[in-house]
Structures are given as structure tokens and as C-alpha cells.
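Numbering-wise (full-length UniProt numbering), the sequence shown opens with residue 1 and increments by one.
Keep in mind that the hints were calculated from the coordinates and are not lab data. No residue lacks a Cβ here, since even glycine has one placed at the ideal position from N, Cα and C. Some clues are possibly wrong.
[Said to hold, decoys possible] The following label-pair restraints were derived from C-beta to C-beta distances:
hint: 1; residue 1: 231; residue 2: 139; range: 27 to 33 Å
hint: 2; residue 1: 175; residue 2: 230; range: 23 to 29 Å
hint: 3; residue 1: 124; residue 2: 3; range: 38 to 44 Å
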Amino acid sequence: MNRRISGILTPNITPVDDRGRVDEDKLRGYVDWLIDHGVDGLYPNGSTGEFVRFTAEERRHIVRIVVDQAAGRVPVLAGAAEANVDETIEACNAYGDMGVRAVAIVAPFYYPISSEGVHAYYARIARDVRVDVTLYNIPLFASPIEVDVVIRLAEEYPRIIGLKDSSGDLPNLMRMMAAIRPMREDFSFLTGWDAALAPMLIAGADGGTNASSGVLPELTHAIHRAVSDGDHKLAMELQYMLLPLFDAMIGLGEFPEGFRAGARARGWDLGRGRVPLSEKQQALIVTAEREIDAIVRSTQAKMSGSSELPLEAIQVIARRVMEQLEK
Numbered sequence: 001m002n003r004r005i006s007g008i009l010t011p012n013i014t015p016v017d018d019r020g021r022v023d024e025d026k027l028r029g030y031v032d033w034l035i036d037h038g039v040d041g042l043y044p045n046g047s048t049g050e051f052v053r054f055t056a057e058e059r060r061h062i063v064r065i066v067v068d069q070a071a072g073r074v075p076v077l078a079g080a081a082e083a084n085v086d087e088t089i090e091a092c093n094a095y096g097d098m099g100v101r102a103v104a105i106v107a108p109f110y111y112p113i114s115s116e117g118v119h120a121y122y123a124r125i126a127r128d129v130r131v132d133v134t135l136y137n138i139p140l141f142a143s144p145i146e147v148d149v150v151i152r153l154a155e156e157y158p159r160i161i162g163l164k165d166s167s168g169d170l171p172n173l174m175r176m177m178a179a180i181r182p183m184r185e186d187f188s189f190l191t192g193w194d195a196a197l198a199p200m201l202i203a204g205a206d207g208g209t210n211a212s213s214g215v216l217p218e219l220t221h222a223i224h225r226a227v228s229d230g231d232h233k234l235a236m237e238l239q240y241m242l243l244p245l246f247d248a249m250i251g252l253g254e255f256p257e258g259f260r261a262g263a264r265a266r267g268w269d270l271g272r273g274r275v276p277l278s279e280k281q282q283a284l285i286v287t288a289e290r291e292i293d294a295i296v297r298s299t300q301a302k303m304s305g306s307s308e309l310p311l312e313a314i315q316v317i318a319r320r321v322m323e324q325l326e327k
């Protein structure tokens, strides 16, 4: 039986050059930086990676780069949602062949469908793919995956090995964990809602797929480690550090421009997203960037007064030494 997917997996931003093309060199550098700063996995083609704004060919190119650059150092959970079920199955199998740990599939979007339709969609995928599948519940953008549907799918299809939940609904997550954990020890629960990362972990979630980890991976990793160590007080203190940054980045409006601004505050200019912006929008982003930059610096200063950052540095050095020894 495979171990549950756990820890903080970064739904990484997709770097683009000044012509809007995928910037491979910058993506490779960003992957290395994220791993060196403590992320437990990578999640290309997620919402933060703007998967719907790239072509199917580009999405495959992005996953291929991330898997190659990660080189087995951390697992890769690849977003595999396409416009219809057949193309989604094709994408799943392509990513499986590339070596991803699993794929994440959002429920059908654009056309609202019933819970029974959501179940049928995932059942068809689970029967036909050659790679493990995680469900991706994000009611903001797609048909919701109801609690009873998740429980049914977990019971019926061993190929479905987890759920990424971005609803922020803690009681529903607890209901699912209570029903599924006794029958599926291998089933992972990941939260995608940064504002409730620590409470979700304390309640029993295995980890998170959090956009903020692409900006302050040290902080999200520290929250996960604090909960793993049983230090819930520290976890909540760190959560309250994360909250204003997340609110500022997601509050910018033109998602995920706020997270691109956060990355720039860490020295990573990953380009602009593919949605055209008016002059007014661009001016708002410039103003928001100053606020986000100030919050990032303030948060780093607060963390530097704790025992977290020296330990992170030690872990990075130790990881690099082990990699050299293995070579």
C-alpha cells in the first residue's frame, strides 16, 4: 500500500516570458528554489498555475519540465483536468508515464452538473487511468464534490487515493475523514484553503496544496511541522502570520496576479498572467505589490525571531549534502 501524500505541495505559478510563452529556464530555477525552501511536493497545472489559460500541449510541457527538474527529490501531483472525460483520461495517462506520483482532477466546470453526474465522471476516469487520482473540490470554479460522493468514490475505487479540498469547509472535511479513514488508510486529505491551513491540519488533514507556499514556503512548511510535532499553539501563531499575506494576495482580484506579486517580493519575476489587463487594473496591481512586499518582509522579520528559520537552513544544507553523497 502506498503511503499517503502529505506535507505542503506547492501549486506553482507558471512562469511566462515577455511574449507570454512558458519560460522553461525560470520554471526550472523556481522548482529548485521551492524544493530548497522546504516544500514537500509540487503541483503543476493547478488553479494558481492558470491551467485553463494554457493549451493541452503546453500543460504537458509544464509537467514534463517540473517532473524532470524535481528529479525525484519531491513527489509531483499534476493537475490533469481537460475539457471532456476522454481528454482528461489521456492527460492522466500521459502524466503517469512521465512519472508523477498522482494526478489531481477538478470536477467538470462551466456546465453545472448534479452530484450523480460528478460521481459518474470520476468513476469513468478511475476505471480507465494508469495513475493514482486525487479529487479536487473547488466549488468557486467548478461543480462541487459532495461529501457522500467522495465517500462513495473512496469506497468503490482504490485508484482514487485522495482529495484536495479548496472549499474551506472544515466540518465537511471532518465528515469525510471520519467516514473514509476507517476503510482507507491510504487516502490523503489535502487542504487548498490557506486561510484555514493550521485548523485543517489540526483536525487531521495530511497536508496542503497552498498557493502561499509559492511565496513563503518556509512559513507554510513551518505550520505543517508545528502541527506534526503537536505544537498547536505555534501552528496557530504562524497561521496568524500567514493570514494577512494570503488575504492581500487573493484580494487583489485578478487571480493569481496577487501570488505573482508575492513571488516578485521574493525575487522571482515570473511574468504576467495571460489575461489582458486594463491600465486601471495594472495600476491597482502596482499599488497592491507595495502592500504585499511590505507584508512579506514583515513576516520574514517575525519568523527570523523564532527558531524556525535556522532549522530550515540546516535542513536545506543537509539535503544538499545527502544529494552530493548519493551522486
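Checklist entry - Which hints from the list above does the structure break, by number from lowest to highest? => result 3
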